[in-house]
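Participant: Here are the chains, one letter per residue:
Protein chains: 2
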Amino acid sequence: MKVTVHVQRRPDIADPQGTAVARALRDLGHDTVETVRINRTVELEIRGTDPAAIEAEVQTMCERLLANPVMEDFEVVVHR
Amino acid sequence: MKVTVHVQRRPDIADPQGTAVARALRDLGHDTVETVRINRTVELEIRGTDPAAIEAEVQTMCERLLANPVMEDFEVVVHR
Numbered sequence: 001m002k003v004t005v006h007v008q009r010r011p012d013i014a015d016p017q018g019t020a021v022a023r024a025l026r027d028l029g030h031d032t033v034e035t036v037r038i039n040r041t042v043e044l045e046i047r048g049t050d051p052a053a054i055e056a057e058v059q060t061m062c063e064r065l066l067a068n069p070v071m072e073d074f075e076v077v078v079h080r
Numbered sequence: 001m002k003v004t005v006h007v008q009r010r011p012d013i014a015d016p017q018g019t020a021v022a023r024a025l026r027d028l029g030h031d032t033v034e035t036v037r038i039n040r041t042v043e044l045e046i047r048g049t050d051p052a053a054i055e056a057e058v059q060t061m062c063e064r065l066l067a068n069p070v071m072e073d074f075e076v077v078v079h080r
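Residue numbers (the numbering used here), protein chains in the order written: chain L, 1 to 80; chain U, 1 to 80.
Treat the hints as calculated values from the structure; they're not laboratory data. Just to be clear, a hint being listed does not mean it is correct.
[What the hints assert, rightly or not] Partner residues aside, some chain U positions facing chain L, computed with beta carbon under 10 Å:
1) 22
2) 25
3) 44
By construction, the Cβ of each residue, glycine as well, lies at the ideal position given by its N, Cα and C atoms.
All chains, please: the whole structure from these sequences, using the hints.
Facilitator: Given below as structure tokens:
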């Protein structure tokens, strides 16, 4: 079963990579760029047939490894 | 105007980071994990009111800086 996890820094946490990309884009002449934030999406293929059980397991994976609970929020989407 | 760019490696290009995460998840006991791929999402705030012009400009930003055209595909979504 396919599962997508969207991971993003909390809005109040600075994103230095996004800030650097915004500056680089402006340096290239794209001066309408106001802000850039860079997030990640983890696409998993999980063996199993029970969407609720898979969602719970991926939630645990996020807490243990896929996201940094101090700085990041995450959302788990199971594609049924 | 908010713009989201989804960047992902082409399916035929290996994703070593995803492979390492899959192995780490299995080592933690999540043995239903088959594959993991890690993509990125760039969230931009662009000054302007013309969605078509903004989409064209962000397309150019992707080709110049936000994506690696050799290895990655990208999709630009303008939130109207």
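Participant: Hints the structure violates: just list their numbers, smallest first.
Facilitator: none
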